[in-house]
Amino acid sequence: MTGIPPVSIAHPLTLIGAVFTPWIALGIALLIAFFACYLTALSWADLTFVLPATAFGNVIVALLARFWLHEPISIERWAGIALITVGVGFVARGPAQTARPKSNEVASDELTTGVETAIVAPAEAPREEHVR
Amino acid sequence: MSAAFAVPLPPQAAGPWAAAAMIATVVLCSTAGEVLTAAAMKSIGDLDEIRAQSGLKGAIRAVITCPLFFCGVGFLALAFFSMLFALNHLNLSLVAPASASLTLVTNAIAAKLFLKENVDRRRWTAAVLVCIGVYLLAH
Chain A
1 MTGIPPVSIA
11 HPLTLIGAVF
21 TPWIALGIAL
31 LIAFFACYLT
41 ALSWADLTFV
51 LPATAFGNVI
61 VALLARFWLH
71 EPISIERWAG
81 IALITVGVGF
91 VARGPAQTAR
101 PKSNEVASDE
111 LTTGVETAIV
121 APAEAPREEH
131 VR
Chain B
133 MSAAFAVPLP
143 PQAAGPWAAA
153 AMIATVVLCS
163 TAGEVLTAAA
173 MKSIGDLDEI
183 RAQSGLKGAI
193 RAVITCPLFF
203 CGVGFLALAF
213 FSMLFALNHL
223 NLSLVAPASA
233 SLTLVTNAIA
243 AKLFLKENVD
253 RRRWTAAVLV
263 CIGVYLLAH
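Going down the list, the protein sequences come from chains A and B.
Quick note: our numbering has the first sequence finishing at residue 132, numbered continuously throughout.
Quick note: our numbering has the second sequence finishing at residue 271, numbered continuously throughout.
Read the hints as simulated data drawn from the structure, not as lab findings.
On a predicted model such as this, the values are computed, not experimentally measured, just so you know.
Errors might be hidden in some of the hints.
So the derived label-pair ranges between C-beta atoms look like this [what the hints assert, rightly or not]:
| no. | chain 1 | residue 1 | chain 2 | residue 2 | range |
| --- | --- | --- | --- | --- | --- |
| 1 | B | Ile192 | A | Gly57 | 19 to 29 Å |
| 2 | B | Ile241 | A | Phe34 | 22 to 32 Å |
| 3 | A | His70 | B | Gln185 | 41 to 51 Å |
| 4 | A | Ala25 | B | Phe212 | 36 to 46 Å |
| 5 | B | Ala156 | A | Gly57 | 18 to 28 Å |
| 6 | B | Asp178 | A | Ala65 | 31 to 41 Å |
| 7 | A | Ile9 | B | Gly206 | 18 to 28 Å |
| 8 | A | Ala65 | B | Gln185 | 38 to 48 Å |
| 9 | B | Thr257 | A | Gly57 | 16 to 26 Å |
| 10 | A | Cys37 | B | Thr257 | 22 to 32 Å |
| 11 | B | Asp180 | A | Gly89 | 23 to 33 Å |
| 12 | B | Ile241 | A | His70 | 34 to 44 Å |
Derived contacts from chain B toward chain A, CB cut-off under 7 Å, selection only [unchecked claim]:
| no. | residue |
| --- | --- |
| 13 | Gly190 |
| 14 | Ile241 |
| 15 | Val251 |
| 16 | Arg254 |
| 17 | Arg255 |
| 18 | Gly265 |
All C-beta atoms, glycine included, are put in the ideal place defined by N, C-alpha and C.
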């Protein structure tokens with residue numbers, strides 16, 4: 001966008017010309033692809049599952065900036081990358097979908113109990129080893 | 133992008149309350165948009181299955197014939213323009229991290245209330261961790 005001369009409010013039609021600039025067209029195509037993938041993910045997974053997972057894009061941008069554009073990354077930002085990675089790992093270990101139709105209520109209950117035991121299990125395992 | 137649209141405004145035109153109101157508008161619109169879009173996709177059903185049955189065109193038709201989807205996209209567009217408005221008055225280093233990280237938490241609350249998602253301790257932890265992470269990364 002910075003490669004294009006400044007667009008004035010009086011001539012908004014120049015923006016339509018900007019859409020056909022190769023880089024902007026590619027950007028728009030990729031945004032459409034992102035939205036299509038995002039909608040497909042939302043059709044089979046919870047919003048609280050998809051949103052933290054898409055935040056991983058921030059990490060990819062930061063790593064591309066570091067290793068491709070050679071931009072410096074401060075300790076604060078490395079901490080941010082670590083927190084997002086841990087958060088995404090956390091949510092990815094759980095079930096993708098928890099909101100179920102009423103007819104499957106029993107199955108949903110079984111699902112949540114299964115998850116709870118899955119959460120408890122790793123915490124107990126090291127304790128047992130410690131005793132031994 | 134914002135430089136191309138630069139409208140001459142006095143610097144520091146917005147006080148703290150106006151800034152909070154602008155960020156709150158972005159966060160509310162974007163949360164409403166995300167929740168409505170998610171509800172629309174839930175009502176349509178698994179897109180992969182629809183595509184397997186009636187092809188890509190059928191899947192696209194299923195999405196664009198859902199009124200709830202357009203409500204969601206409308207709110208997302210509103211969030212985008214209120215974001216542009218906020219960027220016209222405030223610094224990017226304030227608006228971007230604040231709106232991105234707050235949206236994650238408000239979405240978790242809205243998903244629990246309206247979409248009846250089971251937001252357990254694991255998901256709260258993930259939402260808060262990612263929220264702090266996005267704030268640190270975008271600041």
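Checked hints:
1. B:Ile192 x A:Gly57: 19 to 29 Å: holds (24 Å)
2. B:Ile241 x A:Phe34: 22 to 32 Å: Taking Cβ atoms as reference, B:Ile241 and A:Phe34 lie about 25 Å apart, which means the hint holds.
3. A:His70 x B:Gln185: 41 to 51 Å: holds (48 Å)
4. A:Ala25 x B:Phe212: 36 to 46 Å: With a Cβ separation near 19 Å, A:Ala25 and B:Phe212 fall outside 36 to 46 Å, so the hint is violated.
5. B:Ala156 x A:Gly57: 18 to 28 Å: holds (24 Å)
6. B:Asp178 x A:Ala65: 31 to 41 Å: holds (36 Å)
7. A:Ile9 x B:Gly206: 18 to 28 Å: Given about 24 Å between the Cβ atoms, the range holds.
8. A:Ala65 x B:Gln185: 38 to 48 Å: holds (42 Å)
9. B:Thr257 x A:Gly57: 16 to 26 Å: The hint (16 to 26 Å, Cβ to Cβ) holds, given that B:Thr257 and A:Gly57 are roughly 20 Å apart.
10. A:Cys37 x B:Thr257: 22 to 32 Å: holds (25 Å)
11. B:Asp180 x A:Gly89: 23 to 33 Å: Since B:Asp180 and A:Gly89 have Cβ atoms about 25 Å apart, the given range 23 to 33 Å holds.
12. B:Ile241 x A:His70: 34 to 44 Å: holds (40 Å)
13. Gly190: With a minimum Cβ separation of about 13 Å from chain A (threshold 7 Å), the hint on B:Gly190 is violated.
14. Ile241: With a minimum Cβ separation of about 10 Å from chain A (threshold 7 Å), the hint on B:Ile241 is violated.
15. Val251: holds (5 Å)
16. Arg254: Status holds, d = 5 Å.
17. Arg255: holds (5 Å)
18. Gly265: holds (3 Å)
Hint compliance for this structure: hints 4, 13, 14 are broken, all remaining hints hold.
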